[in-house]
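Student: Here the protein sequences come in this chain order: B and V.
The numbering of the first sequence is the working numbering, which starts it at 1 and goes up by one.
The numbering of the second sequence is the working numbering, which starts it at 1001 and goes up by one.
There could be a bad hint or two in this list.
Unchecked claim - Simulated pairs of lysine-lysine, DSS-like, Cα-Cα distance not exceeding 25 Å:
| no. | chain 1 | residue 1 | chain 2 | residue 2 |
| --- | --- | --- | --- | --- |
| 1 | V | K1001 | V | K1068 |
| 2 | V | K1001 | B | K57 |
| 3 | V | K1042 | B | K13 |
To be clear, the hints were calculated from the coordinates, so they are not data collected in a lab.
Owing to the predicted nature of the structure, the values given are computational and were not obtained by experimental measurement.
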Amino acid sequence: KAGVTQTPRYLIKTRGQQVTLSCSPISGHRSVSWYQQTPGQGLQFLFEYFSETQRNKGNFPGRFSGRQFSNSRSEMNVSTLELGDSALYLCASSLESQGLEQYFGPGTRLTVT
Amino acid sequence: KQEVTQIPAALSVPEGENLVLNCSFTDSAIYNLQWFRQDPGKGLTSLLLIQSSQREQTSGRLNASLDKSSGRSTLYIAASQPGDSATYLCAVAPSGSARQLTFGSGTQLTVLP
């Protein structure tokens, strides 16, 4: 069974631009969560989607948004990029019946210049 | 607000040694606790998941314990190998928002040949 996939793997953007990252969960998983990892703040929860609905949201500004499609694939968008948005963005998927164990993708490395 | 602490931040051991990584959390109202491994620049690999009702889980050379009342978990690695070198992260999922993980800052393990 294929794991969680994320595209693109690497991205370089300029301040003020916007970016969209994509995540495809493990087949059958309906929950997708997004996390930001930086050297200073570590891993922080962004939001979680289940059946196309946002269920939880972390403490991030409104520039960070996401959505989930009917096939459970998810996208997150960051508008008006700032230098501090440079990070590894990780998504994770989970299946209800497995005690909510989360499986992570390889991440998208975003660099804002 | 849940806080997760991992001690030590870094650990270097000779090959073959048994070792223990520590994780503590401030709010005992957790759904589960998960240990992950992260190789440099990569995503997270799930190692062990302990439900709040469990005391320990084992997988191969790894054993994780959970003491919810004292807010502590340990990851025991037996007969360490150079391939075990990585950053080990623990994460807790709170009751009610079981997919919103709060992560510790990790222990960077180096196993010397």
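Student: Could you run down the list of hints and mark each one as holding or not?
Tutor: Going down the list of hints, with the structure as the test:
1. K1001/V to K1068/V: holds, 16 Å
2. K1001/V to K57/B: holds, 15 Å
3. K1042/V to K13/B: holds, 20 Å
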